[in-house]
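Take a look at the letters that make up each chain.
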Amino acid sequence: MTHTLEADGIQLDFGLRRILSDIYLKCETGKITGLLGRNGQGKSCLMNIMLGTLNAGSNSVRFDGNVIHKAGKKPDLLLYLPQFNFIPKSFTVQMVLKDFQLSLDDFINRFPGFKDRQHEKVSHLSGGQWRTLEIYIIVKTPSLFAMLDEPFTHLNPIQIDNIKQFLLEEKANKGLLITDHMYNHLLEVSDNIYLLKDTKTYPIKTIFELDELGYVNL
Amino acid sequence: MRALKLIIRFYFGLFLADFLISLSCVFLLEHSGKEAAELIGTLFWYKLITSVLIFYGALFYKKNELYYYQSLGVSQIKLLVSTLAIDVLIWLVLIIIQMSAGIPGYILNLILGFVLLLHLYLYAKK
Chain L
166 MTHTLEADGI
176 QLDFGLRRIL
186 SDIYLKCETG
196 KITGLLGRNG
206 QGKSCLMNIM
216 LGTLNAGSNS
226 VRFDGNVIHK
236 AGKKPDLLLY
246 LPQFNFIPKS
256 FTVQMVLKDF
266 QLSLDDFINR
276 FPGFKDRQHE
286 KVSHLSGGQW
296 RTLEIYIIVK
306 TPSLFAMLDE
316 PFTHLNPIQI
326 DNIKQFLLEE
336 KANKGLLITD
346 HMYNHLLEVS
356 DNIYLLKDTK
366 TYPIKTIFEL
376 DELGYVNL
Chain X
-8 MRALKLIIRF
2 YFGLFLADFL
12 ISLSCVFLLE
22 HSGKEAAELI
32 GTLFWYKLIT
42 SVLIFYGALF
52 YKKNELYYYQ
62 SLGVSQIKLL
72 VSTLAIDVLI
82 WLVLIIIQMS
92 AGIPGYILNL
102 ILGFVLLLHL
112 YLYAKK
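Quick note, the sequences are listed as chains L and X, same order.
The first sequence maps to residues 166 to 383 in the working numbering.
The second sequence maps to residues -8 to 117 in the working numbering.
The shape of chain L in the complex, shown without the other chains:
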């Protein structure tokens, strides 16, 4: 059964500055939805509104057509990867996987670079490995949807390829909403793309539309 998560009619103002209006975005289980936009366009704000950690003047976040509030309090429904590191520095790799009830063997099989590093604190990992672990727990933990805010940051090209492959494998289990500035990678893995520009979302079919809307120079 396919589930949907929609953000509709969201309006957000910071003082006199309008950040979001006329927003429509739809995620489906089994699909990856990409969200592009320049810095300061409100991508992270939109994710926080969907999560319920940021209050907007008006909004309608719907799960299977029903309005939901504070979706972030229901980890079986929606998980969120923030753009910064969120695993406490003193936790070890093994401890983190145990907290999320994930198999260490599966993790090491998927990312062999972590072999013999399970007892290390996350602060001793490289920035790329730390991010890989964070992406893994958010994507692998059972939930219907996951939102990833700049997952490719800190990753080297090989790690990015591994993560892209991992996301494509895991999209069968949930719906993913991803935002990142590395639009080429996002275009490769996404089934649907939206561009957030001048407070509005635009559904994108081809890269030429991104050029027309001034997001890239082709």
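Everything labelled a hint here was simulated from the structure, so no lab data went into it.
A portion of the hints provided could be inaccurate.
Unchecked claim - Label-pair ranges, simulated between beta-carbon atoms: (1) L:231 - X:29: 53 to 61 Å; (2) X:3 - L:189: 38 to 46 Å; (3) L:189 - X:0: 52 to 60 Å; (4) L:292 - X:115: 23 to 31 Å; (5) L:269 - X:115: 49 to 57 Å; (6) L:269 - X:25: 26 to 34 Å; (7) X:106 - L:231: 47 to 55 Å; (8) L:267 - X:18: 54 to 62 Å.
Stated by the list, open to error - Partial chain L-side listing against chain X, Cβ under 10 Å, derived: (9) 179; (10) 237; (11) 240; (12) 249; (13) 250; (14) 255; (15) 261.
From the three backbone atoms N, C-alpha and C, an ideal C-beta is built for every residue, glycine too.
Based on the hints, put chain X in the right spot on chain L.
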């Protein structure tokens, strides 16, 4: 059970500051002798205000980590209320022991020394 484990782990990061405040209350009671009972009200507000300040500071410095606990189903409110409850409970137990049995000063010094050494050891291990 998992939530309790996570709450205790979060509280451990604040334990030293909170425990020192609780211990200072017991020291004050120990030194005030017969007027100890009159101090309880003041010490309660002293403990509550300092705890709230410590938790406020923790929220500011550990705000990114709160997403970790949230992803595991432990919300910010649940984390705060639970850790504050544990902290006040420890304070209450120490006060009750002090009021009923009267912990000698040297025992308090030993507890203080032990807690500081334990934290020093754990910090060095980090």
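Outcome of the hint check:
1. L:231 - X:29: 53 to 61 Å: 58 Å, holds
2. X:3 - L:189: 38 to 46 Å: 45 Å, holds
3. L:189 - X:0: 52 to 60 Å: 40 Å, violated
4. L:292 - X:115: 23 to 31 Å: 25 Å, holds
5. L:269 - X:115: 49 to 57 Å: 27 Å, violated
6. L:269 - X:25: 26 to 34 Å: Roughly 59 Å apart at Cβ, these two residues miss the hinted range, so it is violated.
7. X:106 - L:231: 47 to 55 Å: The hinted range 47 to 55 Å holds for residue 106 (chain X) and residue 231 (chain L), with Cβ atoms some 51 Å apart.
8. L:267 - X:18: 54 to 62 Å: Violated, at about 46 Å.
9. 179: Violated, about 19 Å.
10. 237: Since the shortest Cβ distance to chain X is 6 Å, the answer is holds.
11. 240: 5 Å, holds
12. 249: It holds, given that the least Cβ distance between residue 249 (chain L) and chain X is near 5 Å, below 10 Å.
13. 250: With a minimum Cβ separation of about 7 Å from chain X (threshold 10 Å), the hint on residue 250 (chain L) holds.
14. 255: Hint holds; residue 255 (chain L) Cβ to chain X Cβ min 6 Å, cut 10 Å.
15. 261: With a closest approach of 8 Å, the residue 261 (chain L) hint holds.
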